[in-house]
Amino acid sequence: MKTFVAPFVALFAGLVLGIGLLLSGMANPAKVIAFLDLAGPWDPSLALVMGGAIAVAFPAFTWAKSRTVAWSGDRLQLPTARQIDAPLVLGSLTFGVGWGLAGYCPGPALVSLGMASQPAIVFVVAMGVGMAAHALLTRPKA
Amino acid sequence: MNIAWDAFTPWTSLAGGALIGLAAALLILGSGRIAGISGIVGGLFRPASGDTGWRIAFVVGLLAAPLVWGLFAALPAVQSDAGTATLVIAGLLVGVGTRYGAGCTSGHGVCGLARLSPRSLVATLAFMGAGFVTVYIVRHLAGA
Chain A
2 MKTFVAPFVA LFAGLVLGIG LLLSGMANPA KVIAFLDLAG PWDPSLALVM GGAIAVAFPA
62 FTWAKSRTVA WSGDRLQLPT ARQIDAPLVL GSLTFGVGWG LAGYCPGPAL VSLGMASQPA
122 IVFVVAMGVG MAAHALLTRP KA
Chain B
2 MNIAWDAFTP WTSLAGGALI GLAAALLILG SGRIAGISGI VGGLFRPASG DTGWRIAFVV
62 GLLAAPLVWG LFAALPAVQS DAGTATLVIA GLLVGVGTRY GAGCTSGHGV CGLARLSPRS
122 LVATLAFMGA GFVTVYIVRH LAGA
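One line per chain: the protein sequences are A and B, in this order.
Under our numbering, the first residue of the first sequence is numbered 2, with each subsequent residue one higher.
Under our numbering, the first residue of the second sequence is numbered 2, with each subsequent residue one higher.
These are calculated hints, taken from the structure and not from any lab test.
C-beta: ideal position from N, C-alpha, C; glycine also.
Treat each hint with caution, since some may be false.
[Unchecked claim] These stretches of chain A come out as covered by chain B in the derived footprint (C-beta under 8 Å, 3 or more residues):
#, region
1, 23-34
2, 46-58
3, 89-97
4, 108-114
5, 119-129
[As the list claims (entries may be wrong)] Reference excerpt, derived from the structure (chain A facing chain B, CB under 8 Å, subset only):
#, residue
6, F13
7, A14
8, G15
9, L16
10, D38
11, G41
12, W64
13, S67
14, Q78
15, Y105
16, M132
17, A134
Based on the provided sequences and hints, a complete structural model is requested.
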């Protein structure tokens, strides 16, 4: 079901996304925290990152909804989950606390890792441990 | 509210955001996948046959972004003031939280909102709310 082209599309998309994160300022934890600090001198820039991203992605996803196959020939996989449940809310709250503590979310952390930034190395290793823990705790029973 | 006009970067943030949206558009239309970083990376911890190569390729693209940028221009400053203990705790919380919450800033905040998913809207409000509260506590109540 995976085509030969899919990894090349992914490589290019990852590269464009990483450059977008660098250009936008989102790869800089200090700027992320300045956005999250409503009571301090507030830097609203990151609201525009999200706005710009959604403005471009919206027509693409609207189009994607009417398709079942991607340009590569792979199945077009839009999420099917609809339920708003405790894992969604508690998981997202937990993520938000971690995001506020260090100013890294997963994408920017990986981009900073590519810059060999020391704090990003520590953060990404811990994030990997967290993700592995989830995989272990939720693994299908044999 | 006191806006830090000197730090405000409307044009580069808007342009960077547009590139992020373009990457998400490319991945969904080009190869049929959601550009959610936590989902792409998290999937590597439960490898399925034929589903690993594109994930690794995407991560390589992200890691290579600063190298490619560096060929053309000076890299922007990235500044982290967090100590090692904070980084470890934050990393664990982000790793566990994004996997249980099934998405992060990119998967829920960009792709999910762009496809008008109520589930992603709830997730985005939850992590942004928690982020605002956490920074308020750390910066203004704990006096750090």
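Exercise. Are G15/A and chain B close enough, Cβ to Cβ, to be under 8 Å, as the hint says?
Worked result: 2 Å, holds
Problem set entry | Whether chain B covers the region 89-97 of chain A (at least 3 residues having a Cβ closer than 8 Å to its Cβ atoms) | That given contact holds, which follows from 9 residues of the region 89-97 of chain A lying within Cβ reach (below 8 Å) of chain B.
For this session: Between the region 119-129 of chain A and chain B, see if three or more residues pass the 8 Å beta-carbon test, and mark the coverage as holds or violated.
Result: The restraint on the region 119-129 of chain A holds, since 9 of its residues have a Cβ under 8 Å from chain B and three suffice.
For this session: Closer than 8 Å, Cβ to Cβ, for at least three residues: run that test on the region 46-58 of chain A against chain B and report holds or violated.
Result: holds (count 12)
Exercise. Once the shortest beta carbon distance from L16/A to chain B is found, is it less than 8 Å?
Worked result: 4 Å, holds
Exercise. Do three or more residues of the region 23-34 of chain A come closer than 8 Å to chain B, measuring C-beta to C-beta?
Worked result: Answer holds; 11 residues pass the 8 Å Cβ test.
Exercise. With a cut-off of 8 Å, does the beta carbon of W64/A approach a beta carbon of chain B closely enough for the hint to hold?
Worked result: With Cβ-Cβ at 7 Å, under 8 Å, it holds.
For this session: Closer than 8 Å between Cβ atoms is the bar; does S67/A clear it against chain B? Give me holds or violated.
Result: At 11 Å from the nearest chain B Cβ, S67/A fails the 8 Å test, so the hint is violated.
Exercise. Taking the least C-beta to C-beta distance, is M132/A closer than 8 Å to chain B?
Worked result: 4 Å, holds
Exercise. Would the stated hint for Q78/A survive a check requiring a Cβ distance to chain B of less than 8 Å?
Worked result: Since chain B brings a Cβ to about 5 Å from Q78/A, closer than 8 Å, the hint holds.
Exercise. With a cut-off of 8 Å between beta carbons, are at least three residues of the region 108-114 of chain A near chain B?
Worked result: holds (count 6)
Exercise. Would the stated hint for G41/A survive a check requiring a Cβ distance to chain B of less than 8 Å?
Worked result: Given a least distance of 6 Å, the restraint on G41/A holds.
Violation of the numbered hints given earlier is confined to hint 13; every other hint is satisfied by the structure.
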